[in-house]
Amino acid sequence: MKRRNFVFAGLFSLSALARAQAPVADPGIFAVTKGARLARERVKLEMPVIAENGNAVPLKVSVSSPMTAADHVKAIHLVSDRNPVSKIASFYLGPYSGRAELSTRVRLAGSQNVTAIAEMSDGSFWMDRSHIQVTLSACVDDS
Amino acid sequence: MSARIQIPAEAKRGEIIEVRILIQHVMETGYRFDDRGTPIARNVITSILCNYNGREVMRADTSSGIAANPYLQFCMLAEASGELVLSWVDDEGVRGTERASLSVSG
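If you're matching them up, the sequences are chains A and B in order. Mind the numbering: the first sequence is residues 1 to 143 in our numbering, read in order. Mind the numbering: the second sequence is residues 1001 to 1106 in our numbering, read in order.
What the hints contain is simulated information worked out from the structure, not anything from laboratory work. For each residue, glycine too, the CB sits at the ideal point set by N, CA and C. Among the clues, some could well be false.
One-sided excerpt, in silico: chain A residues whose CB lies under 7 Å from chain B [stated by the list, open to error]:
1) I50
2) R99
3) S111
4) N113
5) R129
Simulated DEER-style distance windows between Cβ atoms [claimed, not checked]:
6) A/K44 with B/S1087: 43 to 51 Å
7) A/T135 with B/T1097: 32 to 40 Å
8) A/A36 with B/V1026: 18 to 26 Å
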């Protein structure tokens, strides 16, 4: 292996490690995973980057999974960074779902990170996180 | 309270169909105040359940973080003809149900 290639390989594995690091410090996430390892690859959270109105923000979560009886997504959890109730919702799926895909509309009290966590039938957890700028937050006070 | 379920009327066996549900509900967060300054009590849907032929397809525990008039889209494997039953319950204990039927061929 050339030295340059070796350096590149090193950089890549470092960045992969950094991506796999779990933000377990977040109590909202900890409540879902109970401290289990969180990796990033299999979940995709699609959400707008800027929302004018936090009262109804559309989002879509998809998880790559065969959705068979032996290997499926048991649940998809949505966790907010800044909402007064950190867990937005938990959706329980199974092999009859066919495809682990879900869309809904959420309320967001201000600009923040939203995390989608997938709980697999084998007990592993996967996540994706996205930051959103909310111009007008959902009414937490009398705004 | 009313709801709407959108599914195709027919599907082939083994096809994955999309289910869209929309429930009419205020999803009152409990963080707002009325004109006199008294807090408005929380009233959100806490549980949504979708059964197909008596088998659970999707269940959701929801909070005030879900927007008013909850909208949900998910997938379902069409294996046999039957009926999709959507039911939900809110903080006040009010329950609602909606049904849609699907005919599966092949």
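Hints, verified against the model:
Taking 7 Å as the C-beta cut-off, the interface hint given for A/I50 is violated, the closest approach to chain B being about 17 Å. Proximity of A/R99 to chain B holds as hinted, the smallest CB-CB distance being about 4 Å (cut-off 7 Å). Hint status for A/S111 relative to chain B: violated, with the closest Cβ pair at about 15 Å, above 7 Å. Interface restraint check for A/N113: the shortest CB-CB distance to chain B comes to about 14 Å, outside 7 Å, so the restraint is violated.
For the restraint placing A/R129 at the interface with chain B, the shortest Cβ-Cβ distance is roughly 16 Å, beyond the 7 Å limit, so the hint is violated. A C-beta distance of roughly 30 Å is found between A/K44 and B/S1087, which places it outside the suggested range of 43 to 51 Å. The hint said 32 to 40 Å for the Cβ distance between A/T135 and B/T1097, and at roughly 37 Å that hint holds. Separation of A/A36 from B/V1026 is about 36 Å and departs from the stated range, judged on CB atoms against 18 to 26 Å.
Taken one by one, the earlier hints fail for this structure at numbers 1, 3, 4, 5, 6 and 8, listed in ascending order.
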